[in-house]
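Residue numbers (my numbering), protein chains in the order written: chain C, 1 to 339; chain D, 1001 to 1602.
No lab work stands behind these hints, which were simulated from the structure alone. Think of the CB as a built atom: it goes at the ideal place given N, C-alpha and C, for glycine as much as any other residue. Please note: incorrect hints may appear among the correct ones.
Computed from the model, here is a short list of chain D residues facing chain C with C-beta under 7 Å [as the list claims (entries may be wrong)]: (1) R1386; (2) L1387; (3) P1389; (4) S1390; (5) T1545; (6) F1548; (7) R1583; (8) S1585; (9) R1587.
List time: in silico DSS-like cross-link candidates among lysine-lysine, alpha-carbon distance up to 27 Å [to be verified]: (10) C:K164 <-> D:K1324; (11) D:K1373 <-> C:K242; (12) D:K1393 <-> C:K255; (13) D:K1295 <-> C:K164; (14) C:K186 <-> C:K242; (15) C:K164 <-> D:K1560; (16) D:K1300 <-> C:K164; (17) D:K1296 <-> C:K164.
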Amino acid sequence: MDSQTVLIIGGGVAGMEAARQLRLLGCEPVIVEKSDHLGGHVAGWHKLFPDMLSASSLIERMSESLDGITVYLKTQVASMNRLKDGFSVMLTNGTGLLCRAVLIASGFRLFEASRKEEYGYGVYDRVITNSDLEYWFNTGEDDRIPDNLSNIAFVHCVGSRDLKAGNPQCSKVCCMTAVKQAIEMKERFPDAEIWCFYMDLRLFGKKYEDFYINAQRDYGVHFVRGRVSEVSEDIDGRVILKAEDTLAGRQVKLKADLLVLMAGMLCNEDTAGLASMVRAEVDSDGFLRSRDNIFRINESSRPGIFFAGACTGTKTVPETVAEARAAALDIRNYLNGND
Amino acid sequence: MRERFATGFDPFVLPFLVGMIFVLGYCAYGIFRILFQLSRQDRRKFLLSLITPSTALKNIWDIFANCLLHVKLWKRNRMLGFMHSSIAFGWFMIILLGHIEVMVYCPERVRLLYYPIFFNYFVAENESTIGGAVLFFLMDFFLLLILTGIALAMIKRVRSRIFGMRRTTRPSALDRVGLYSLWAIFPLRLLAESFTAHISGGSFLTIPANWVFRQFLGNDLNMLPTWWAYSIALGVFMCVLPFTRYMHIPAEMMLIPMRNAGLKIRHPRKGFAKVEVLSCPGCGVCIDACPMSVKKVNIKDCTVYLNRQIRRGNEKRIEEISDKCLLCGKCEAVCQVGVEGPKLRIAQRASRRYGLTPDYSGIDVAPLVAAAKGSKVLYFSGCMTRLTPSIGKAVTSLMHKAGVDFVWMDRDEGLCCGRPLLTAGRIDAAIGLIHKNEEIILSSGADTLVLSCPICYKIFTERYSLPGVRVVNYTDYFSELVEHGRLHLTKGDVCYVYHDPCELGRGCGIYDSPRKLIGQAAGIAEAPKTREESICCGGSLGSLTLDFSQREAMTRNALKNLYESRADAIATACPLCLTTFSRYSERPVRDLAEVLDASCSG
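Construct the complete structure from the given sequences, taking the supplied hints into account.
Spelled out as structure tokens, the structure:
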């Protein structure tokens, strides 16, 4: 096969950046995206930490760079078959493709917060998720968020590091997202008291710690170490949280006008199906298994199948972008036969 | 009729005699020991029940129906029922007929233990007399019945699946000795009686056999060795009986009167518990029933193995098995002799000593009493319902729609019902909480207490003393509201399969009212394993040591059973089942209250 076609599954940040780089490297990338827009989860976000970069402007800039690259929206992979030196792919829109390599960049899905029933998402009116809040930042549309807020609570690790929820790993970005969203809320509601309930804070990235200190010192956000045990509803619709402050060693009860749940990241539900088409392996955490987790994160155990972004584990945006570039280079080398 | 030996004795009876005397002595000693282990009240209660005509009659009937006819087993599995009752009842009839023969023909020998057993060797009677014809026919008939049972038992050993048992126990070495000697007894009896049939008479089985043998074994020299063999088989069986699972035969005859006397397990090893453990026949029905057995590593944690380990005194394993169990009660529900697996385990847990015992006497109930005042109807949701707010919300909405004036007593703050402590064996601590809750409820002035959590409901009905207050589960309460026309349900399109929560079904015997309610509010389907046979969701508070990965396999197995009904969604009536199923279910899971609320216009 002479073609230099590379199929990219997923049109999020990873897929878009990989496509751009692959074209610069002389390949012909094709993006297949199941939703009706490019940009994935980031497209629904408002601002990105730590620079408070506008997510929509980033996605816009990235989309512009894809001019001329074939993108199939609202399309999924129906079947993939390995040929002698490539893959024959059938898409759900009826298109057939022959490609030399496949880059899986199918990303993650958000933990369904309603599964943590004790927090009352979907049951109480004033309970939303991190993703709902970003949507509200963008559009201003959400009936659950009242005009006046005097107490706002954030609960970290909803569906992350939680065996009961079936997801033992850390979702990496929620600690920082909570700090960021707490600051953004404080900017909008300067009189509101903001409370973050956390197990421990994992602020590993560049400038993350600064954000955390700012949130406390300049914005007066309260950080309470302890998990929320249960949430009930007041007669006037406000939520009542019960938690243990494990540093003070006492129980706390808080009436909040809004409760924001930091829903974690899970592997996308269709990733396992994709993996089985090309016999790539799924890891014990549900994400795809890389050849190793140090040196060859972008490679699968099968030739011609590459990974980028959150399909192999939870990632931040900069990590995803870096992986997409690395994957593009790996694919170029693979096509050149320099494995 | 003539007696063949003036002495009425032959040395071949010795093995049997030794075995018989040993087993009788052992059982007599055992009975005294167990009576001694009972508390004074229990002993009094038991002995009194033996001379109370109504319980005495019940005892006799129960022993006849369960130990001989195996009525309960027939209902569950006809093949197994036939196998057991043919051996037990047949053997009993042979012993009885043997005694009748002795009493009819030579009443002076009746005090010899071996005479009824070896009658045909000692007494020559002709089948041409009326008495002989009838008695010998019956003897042969029951022997044939037993032999059929033994043949089935042999087939079962090789292929238990034919009998509908997926898994069965692995017999221990001594069990095998007992098993093979039991199998040998009756074919040997047939041989022995056949060899003497031309002298002592026989019937349709023994006479033809006698003809056949005499064709090629022309003399009577084979007679004595086969009677020896028969006696030895009996002797071996009886000598090993106390150390094998066959101990259940005498033990069950003790268990039935004790249970009828109303005794309860008070100590994990002694008294009533001991009788229960000895009554376990080791059939292994509880293995297939146990929700943990979906994982092969847990098979040895079923009740049958607990009983075996208790008999062996393996403390480490006893503790492990007792702590692991989910206490779903299914082994008890399917057990043929009624071994109370969960109660044995709770008693074992209760024997553990803790360094710290919580003391709840300092809790100030005044604010809780104040919160509970104001209405005749109280709603106690319990901790688990507070963690599944959708249930509390649906219950509140239904109460409003029915126009019930009620108070949600633990909406804001509340005390635990005590059931988790009780299942952990911390009975004193549980009673501390129970007294506090009793105080709150009695001071509130209410006359009805509605509970939406079956875990709470079970302990409220069993351990709480609330005079003047009606304790009712929400399934029954809503049924009444519907009957009285205060709630109007309209049938929706969704079809639900109802999962019986362990604590509500097997625990409290409530099976029908939730089904009836769902039937009025939506379509209803049944899973293959349902009601008493319902499979635990795996989330039970009962287990102290199972981790989430092990529980996951159980939850998925329970869900598989529910999926087979082809219903659109799953309905249950327990907050813990709801949470556990929601974690892995492919179909929506709803609480009964949510189902009703959705179809109730108010």
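Legend entry - Violated hints - listed by number, lowest first: 5, 8 and 9
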